Amino acid sequence: MDYLKFDKAQLVNTEYSLKKEYIRTNRAGSFASSTIINCNTRKYHGLLICPIDHFGGDNHVLLSSLDETIIQHDAPFNLGIHKFPGEYSPKGNKYVREYIMDPTPTIIYRVGGVILRKEFLLVEKEQRVLVRYTLLEANSPTTIRLQPFLAFRNIHSLTKANMDANTRSEVVNNGVKIRLYQDFPYLYMQTSVESEFVHVPDWYYNVEYKEEKRRGYDCHEDLFVPGYFEMNIKKGESIVFSAGTKEISPNAISKQFASELKKRVIRDSFENCLENSAVQFFSKNGQGTGIINGFPWFSTSERNTYLSLPGLTLARGDEKTFLEVFDNAFKRVCNRFSKDPAVNGGRFSVDVPLWAFWTMQKYIEAGADRKEIWKKHSKAIKEILQSYKHGSNLAIKMHDNGLLWIMDHGVTWMNVRNHGVYLNRRMGYVVEINALWYNALCFALEMAEEANDKDFTAEWSGVKENLKESFIDTFWDGNKTYLSDYVDDTHKSWAVRPNQLFAVSLPHSCLSDDQKKAVLDMIEKELLTSRGLRTLSPNSHEYIGVIRGSEEIRNMAFHYGSVYPWLFGHFAEAYLKLYKLGGEGTIRRWLIEFEDCLNERGLGTISEIYDGNPPHLPNEATSYALSVAEIIRVSKMFNQSPLK
1 MDYLKFDKAQ LVNTEYSLKK EYIRTNRAGS FASSTIINCN TRKYHGLLIC
51 PIDHFGGDNH VLLSSLDETI IQHDAPFNLG IHKFPGEYSP KGNKYVREYI
101 MDPTPTIIYR VGGVILRKEF LLVEKEQRVL VRYTLLEANS PTTIRLQPFL
151 AFRNIHSLTK ANMDANTRSE VVNNGVKIRL YQDFPYLYMQ TSVESEFVHV
201 PDWYYNVEYK EEKRRGYDCH EDLFVPGYFE MNIKKGESIV FSAGTKEISP
251 NAISKQFASE LKKRVIRDSF ENCLENSAVQ FFSKNGQGTG IINGFPWFST
301 SERNTYLSLP GLTLARGDEK TFLEVFDNAF KRVCNRFSKD PAVNGGRFSV
351 DVPLWAFWTM QKYIEAGADR KEIWKKHSKA IKEILQSYKH GSNLAIKMHD
401 NGLLWIMDHG VTWMNVRNHG VYLNRRMGYV VEINALWYNA LCFALEMAEE
451 ANDKDFTAEW SGVKENLKES FIDTFWDGNK TYLSDYVDDT HKSWAVRPNQ
501 LFAVSLPHSC LSDDQKKAVL DMIEKELLTS RGLRTLSPNS HEYIGVIRGS
551 EEIRNMAFHY GSVYPWLFGH FAEAYLKLYK LGGEGTIRRW LIEFEDCLNE
601 RGLGTISEIY DGNPPHLPNE ATSYALSVAE IIRVSKMFNQ SPLK
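So the sequence shown is numbered by the numbering used here: it starts at 1 and just counts up by one.
Derived by calculation from the structure, the hints in this document are not laboratory data. Take these hints with a grain of salt, some might be off.
Below, in silico cross-link-like pairs of lysine to aspartate or glutamate (EDC-like), each with a Cα-Cα straight-line distance of 16 angstroms or less [said to hold, decoys possible]:
no.: 1; residue 1: 20; residue 2: 596
no.: 2; residue 1: 19; residue 2: 596
no.: 3; residue 1: 376; residue 2: 324
no.: 4; residue 1: 284; residue 2: 58
no.: 5; residue 1: 379; residue 2: 455
no.: 6; residue 1: 210; residue 2: 620
no.: 7; residue 1: 577; residue 2: 513
no.: 8; residue 1: 284; residue 2: 124
no.: 9; residue 1: 517; residue 2: 477
no.: 10; residue 1: 118; residue 2: 98
no.: 11; residue 1: 19; residue 2: 620
no.: 12; residue 1: 375; residue 2: 449
no.: 13; residue 1: 5; residue 2: 268
no.: 14; residue 1: 160; residue 2: 222
no.: 15; residue 1: 362; residue 2: 318
no.: 16; residue 1: 375; residue 2: 327
no.: 17; residue 1: 636; residue 2: 196
no.: 18; residue 1: 19; residue 2: 211
no.: 19; residue 1: 8; residue 2: 124
no.: 20; residue 1: 5; residue 2: 449
no.: 21; residue 1: 94; residue 2: 15
no.: 22; residue 1: 577; residue 2: 596
no.: 23; residue 1: 636; residue 2: 327
no.: 24; residue 1: 177; residue 2: 196
no.: 25; residue 1: 234; residue 2: 137
These numbers come from a predicted model, not from an experiment.
With the sequences and hints as input, model every part of the structure.
Here it is in structure tokens:
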């Protein structure tokens, strides 16, 4: 495939081009996102979106977009494009000739004899975006005008014209600074060459976001334009526009662009695209290094941090970042268990610490010393296991049979709500929780035995054996040849779901090889697709095959048939463990299918979720850490770990 390159015919077709989105991020927590023709279709789109400390670190859209106008012989040609109710205005996409993603997002415009190249990038460790314009061809004197559209609002909100906005701008070197509202930082907008800023403040009303409208949300907002920058540009000359939360010397702007450009990873293959996408999820702040779940609207979560960390770091040979993220995240889990384990109004995601154990196992598989892990974390591991044994809170407790019993909805990964009501009500004995519980006990006992911790092994060895027998008795049915999803006080759920997969994929399993094969056969037959695993079999009367409509309808679809790419990682791991070399061909064939994702929606990355029905269209977050991480992890399963 041609990697991340689009021609005129594709770009002028808005039905095509508006479905292609880019995401660029930096290590300071900022990101930029839009469509390939720079027409924002989401409230989450913008050219500079960054965390604001005063607002708890939440992301805010400062610079929504930047319109360019080429002027020759007093005739202006506006290259921008915005959607308003019933129309696009201006229609600058008609001048677009080419879009290229490497080494940084680049658009080529042609207006008569003028050919203009536009490139942009985010500075790695600053809240700053740089946009470079190069005049490649021109037969007459040419002027370029830059018109910034400002939002100054939370990414989840929309703004309206109002009297509270401070529309005054103050002069700085080669530009202006402006702050629409108190408690926001100033936005410094400057150019690398001397320019004239014409102060003509105005509101642009009813900018429409097509994707928000499709998803059933408010979709209109008013954006403020303080004026425009204007400067002459000669053939062969480059001019760089800077927008950041701190002032910069104009002489340094072009040098900074060139320096940052050298750091970019070229996306000329499936592997390089995934590598480039992976590094975008890391963010550093005063609390350490963390993983952003996805773009454009997610922040961080503990479960997704543990699940995605092996693929985003260890599979890429990045042990340093693994330790930075893991130590920071595990410390929070340990603090919770040593104090009050209840979070989110008394609700605790009971699988989170158990996934932390799995992440430690992946670190050991990559070459870490098991004895060092036990030495460093044994105290915390013991506290966590004791909390589960005696009841970490009102939500969970170990029964005499060794199984964990959940007494509340919403504490597993299938926990989507509508108006406070959980859509997939799973309580009692839940299959993946108990598979994780067994795996955690086996892992802890392995390390304790190696460390000659006799008290620990004496306490937990019997629990492990009891748990293994109870797991089979509770979840397995030889006639159905797969595992029950959960068992509560009233019934067993025999819905065919992917949660049973973890009883096969985890390093320690209660199942025999024949049982594992039967489970994988059922999953492959009813859940496996070219984009990952469905959350429910299409044979179920509750199955929902497409993610469309209101928020409530979409939420229902998430766990009633939608496809999650990250589940493919655990399917591949289970399959290769069971079939070894004989399974490599099958997994490679399924892995190749994910290459098409890179050009479908979020360019060079993989979306959060896909329709259960063919052609499995992408939905929700444009770029999702867990999706990218697990596909990277699968791609490395055929090779030795980079850490060994």
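Evaluated hints:
Using a Cα cut-off of 16 angstroms, the hinted pair residue 20 and residue 596 holds, with the two alpha carbons roughly 13 angstroms apart. Proximity of residue 19 to residue 596 is assessed by CA-CA distance (about 15 angstroms); at most 16 angstroms being required, the pair is judged to hold. The hinted pair formed by residue 376 and residue 324 meets the criterion: a straight-line CA distance of about 15 angstroms does not exceed 16 angstroms. The straight-line distance between the Cα atoms of residue 284 and residue 58 is roughly 14 angstroms, inside the 16 angstroms bound, and the hint therefore holds.
The hinted pair formed by residue 379 and residue 455 meets the criterion: a straight-line CA distance of about 13 angstroms does not exceed 16 angstroms. Between the alpha carbons of residue 210 and residue 620 the distance comes to roughly 14 angstroms, so the proposed pair stays at or under 16 angstroms and holds. Under the criterion of a C-alpha separation no larger than 16 angstroms, the hint pairing residue 577 with residue 513 is consistent with the structure, at around 10 angstroms. Proximity of residue 284 to residue 124 is assessed by CA-CA distance (about 11 angstroms); at most 16 angstroms being required, the pair is judged to hold.
Restraint check: the Cα-Cα separation between residue 517 and residue 477 comes to about 14 angstroms, which is no more than 16 angstroms; the hinted pair holds. At most 16 angstroms may separate the alpha-carbon atoms for a hinted pair to count; residue 118 and residue 98 meet this at roughly 11 angstroms. Of the pairs offered as hints, the one joining residue 19 and residue 620 holds, with about 13 angstroms between alpha carbons and a cut-off of 16 angstroms not exceeded. Of the supplied pair hints, the one linking residue 375 and residue 449 holds, its CA atoms being roughly 13 angstroms apart against a limit of 16 angstroms.
The suggested pairing of residue 5 with residue 268 holds, with an alpha-carbon distance near 10 angstroms, which does not exceed 16 angstroms. A C-alpha spacing of about 5 angstroms is found between residue 160 and residue 222, which places the hinted pair at or below 16 angstroms, so the restraint holds. Simply put, residue 362 and residue 318 have alpha-carbon atoms about 13 angstroms apart, close enough for the 16 angstroms limit, and the pair holds. Distance check on the hinted pair: residue 375 and residue 327 sit about 14 angstroms apart at the alpha-carbon level, within 16 angstroms; holds.
A C-alpha spacing of about 53 angstroms is found between residue 636 and residue 196, which places the hinted pair above 16 angstroms, so the restraint is violated. A distance of roughly 9 angstroms separates the Cα atoms of residue 19 and residue 211; the hinted pair therefore holds under the 16 angstroms criterion. A hinted pair counts as satisfied when its Cα atoms are at most 16 angstroms apart, and residue 8 with residue 124 does not qualify at roughly 31 angstroms. This hinted pair does not check out: residue 5 and residue 449 have alpha carbons roughly 55 angstroms apart, beyond 16 angstroms.
A C-alpha spacing of about 14 angstroms is found between residue 94 and residue 15, which places the hinted pair at or below 16 angstroms, so the restraint holds. Among the hinted pairs, residue 577 with residue 596 is inconsistent with the structure: their alpha-carbon atoms are about 27 angstroms apart, more than 16 angstroms. Among the hinted pairs, residue 636 with residue 327 is inconsistent with the structure: their alpha-carbon atoms are about 24 angstroms apart, more than 16 angstroms. Straight-line distance between C-alpha atoms of residue 177 and residue 196 comes to about 14 angstroms, which keeps the hinted pair within the 16 angstroms bound.
Between residue 234 and residue 137 the CA atoms are separated by roughly 9 angstroms; this keeps the pair inside 16 angstroms, and the hint holds.
Against the hints set out earlier in the document, violations occur for numbers 17, 19, 20, 22 and 23.
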